[in-house]
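Construct the entire structure; sequences and hints are all you get.
Just so we're aligned, residue 1 is where the sequence shown starts under UniProt numbering, counting upward by one.
These aren't lab readings, by the way, just hints derived from the structure by calculation.
Every residue, glycine too, gets a C-beta built ideally from N, C-alpha and C.
Do not take every clue at face value.
[Stated by the list, open to error] FRET-style restraints, in silico, Cβ to Cβ: (1) Ala37 x Tyr147: 19 to 27 Å; (2) Gly38 x Glu153: 45 to 53 Å; (3) Gly38 x Ile128: 41 to 49 Å; (4) Ala192 x Gln4: 41 to 49 Å.
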Amino acid sequence: MSEQLAIAATVRSDLGKGASRRLRRSVDHIPAIIYGAGKDPAPLTIVRKDLEKALENEAFYSQVIDVSVDGDVQPAILKDLQRHPARNDVMHADFLRVDAKVAIKVNIPLHFINEEKCHGVKIEGGIIEHLLTELEVLCLPGLIPEYIEVDMENVTTADIIHISDLKLPEGVVSTALELGEDHDMAVTSVSAKRGGDEEVDEDAPEASAEEGESEGSDDED
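This is the structure:
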């Protein structure tokens, strides 16, 4: 397990739409909010470079984070990010407090391993298709996996890997499968090589237009 993730924040006292708008335009800080776990929501301010650095870590999107609010550490998960539509800059962050005894829903990234050994690619010449890249699971905060592996080594062009084929850690369940078999979505497959992609033999003889014409003239006689 990797080291505990953390981010520092301060309570925002300057509230209102105007204040939030000014803060979103700030180069140095980002507005945020933390809520949940039976406590009042708290508007926050986070140093922009600290959050952007934290977001470089894939685990920050799914693991429990120690949000230090003016020194008061509150375990939470990153629930939502708002980005600028053109520049992709982070404009706002939502954090959901977690209770160690209460299960939560969280999206976990899928890691596709052994793709270079995949039977459907190496032997059959197919192409791997990722139909899902993350999976929503339900579990206690302390059981949240960093990622879920999908082993591609023995997958052929005749196979379709579904959610039910994945090996989830003990205490972790797929929210989709909790809804029934009809929600057992496909995760990945290997598409067969298309017939149109076959190589054309340039040395193969071609029927000429002259041959077609001579056959037609014979019919007239």
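Taking the hints in turn, this is what the structure says about them:
no.	hint	verdict
1	Ala37 x Tyr147: 19 to 27 Å	holds (25 Å)
2	Gly38 x Glu153: 45 to 53 Å	holds (46 Å)
3	Gly38 x Ile128: 41 to 49 Å	holds (45 Å)
4	Ala192 x Gln4: 41 to 49 Å	holds (46 Å)
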